[in-house]
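Let the hints inform the model, and build the full structure from the sequences given.
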Amino acid sequence: MFDFMSRILGGKSRLGEPRSKSLAKERLKLALACDRVELSPQVFEGLRLDLARAVSKYVEIDEAGMKVRFDSSDRRLSLVASVPVVGTRRTGQARRSKSRR
Amino acid sequence: MEGRVIVVTSGKGGVGKTTVVANIGCGLASRGKKVALVDADIGLRNLDVVLGLENRIVYDIVHVIEGKCRLRQALIRDKRVQTLFLMPAAQSRDKEAVQPDQMKQLTASLAREFDYVVIDCPAGIERGFKNAVAGADEAVIVTMPEVSAVRDADRIVGLLEAQGLGDPRLVINRLRPEMVKRGDMLDIDDVLDLLAIDLLGVVPDDESVITSTNRGEPVVLDGASRAGEAFRRIAARIDGEDVPFMSLEAQSMWSKFKRFIGVGR
Chain E
1 MFDFMSRILG GKSRLGEPRS KSLAKERLKL ALACDRVELS PQVFEGLRLD LARAVSKYVE
61 IDEAGMKVRF DSSDRRLSLV ASVPVVGTRR TGQARRSKSR R
Chain D
102 MEGRVIVVTS GKGGVGKTTV VANIGCGLAS RGKKVALVDA DIGLRNLDVV LGLENRIVYD
162 IVHVIEGKCR LRQALIRDKR VQTLFLMPAA QSRDKEAVQP DQMKQLTASL AREFDYVVID
222 CPAGIERGFK NAVAGADEAV IVTMPEVSAV RDADRIVGLL EAQGLGDPRL VINRLRPEMV
282 KRGDMLDIDD VLDLLAIDLL GVVPDDESVI TSTNRGEPVV LDGASRAGEA FRRIAARIDG
342 EDVPFMSLEA QSMWSKFKRF IGVGR
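Chains as they are written, first to last, in this note's numbering: chain E, 1 to 101; chain D, 102 to 366.
Listed next, the in silico SDA-like pairs over lysine to any residue satisfying Cα-Cα at most 25 Å (straight line):
1) K29(E) - G225(D)
2) K180(D) - G104(D)
3) K25(E) - D290(D)
Pulled from the structure, derived: some chain E residues nowhere near chain D, Cβ distances all over 10 Å:
4) E45
5) L51
6) R53
7) S56
8) K67
9) V85
Each pair of labels, with its calculated beta carbon distance range:
10) R178(D) - L47(E): 55 to 61 Å
11) E227(D) - L77(E): 23 to 29 Å
12) L47(E) - V159(D): 56 to 62 Å
13) L47(E) - A263(D): 21 to 27 Å
14) D35(E) - G265(D): 17 to 23 Å
15) V43(E) - G265(D): 25 to 31 Å
16) V68(E) - A297(D): 19 to 25 Å
17) V55(E) - D343(D): 46 to 52 Å
18) P278(D) - V68(E): 36 to 42 Å
Rather than coming from a laboratory, the hints here were simulated on the basis of the structure. For glycine and all other residues, C-beta sits at the position ideal for the given N, C-alpha and C.
Laid out in structure tokens, this is it:
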């Protein structure tokens, strides 16, 4: 049923492959976001790493599962980060006691 | 009253900018407005052949700017529509022959005599683009439902904003409804979603555009053509009339509605 619906909505072809226009749109979304911020991939990676470092000062995170992207819907740019937290105990207090050991 | 100066631009070449300019101009003039079309593509003159006026050129835009002739001497009256005039580009010069300030002056003096001054901007984002947008009050962006054209259109939105032209309106040219229907072409909503600017109109891909251009007659004058109808509506919208979108666009209103009530994407 869901497959039928998504076919009706034009998302997938009969064989379950995405239609070419969905690919076009996804690719354009990314390209436009990069164009709009004028950030090179290297600088972007730097931003991602700094962000990970900053957040992990306070909570334990799964850095591999972290997603950072620019969203530019309605021409207003925002930085959207999704950071999986694996532990919340790692407070400033806990860290200090950890480093003492 | 001062006329409106509108620049038509796209970034990418080959999306139909010149055709759009010719048809918007001819459409507005057919509504009784006094219209001057300015070909700002210096070195690659084209608007004259699209309008079928290539045999009447004596003076061009560079002659006017260099003071070698008066403004009126360079303006060519259209064969069919009495209130339509063309200021041709120079063919044997390049874009460096004109400065943005000079373009500003030229369009300002045209705006004193015409209801609409429509500028055909060259492809690219360099000098020619800067010249063409210098004197404009508003902008129309032409794109096609295709990745490179949409990407370039987005760059243009940003560049126009930097030039103080904040609210450009979009013409989606050469849409193929049958490809959209089977999910193999970006649809109107996709393009609007990506670019986030207002829609001025959608022109279906139509052979009559080519055949009428072959004859040097803007398709907007062809009462039987779908593309012609699309251009008539675009001209009316520019002229301030609230015209409904054509049926291929009505589909998009429906999907907008679906999205509004939360069942569409």
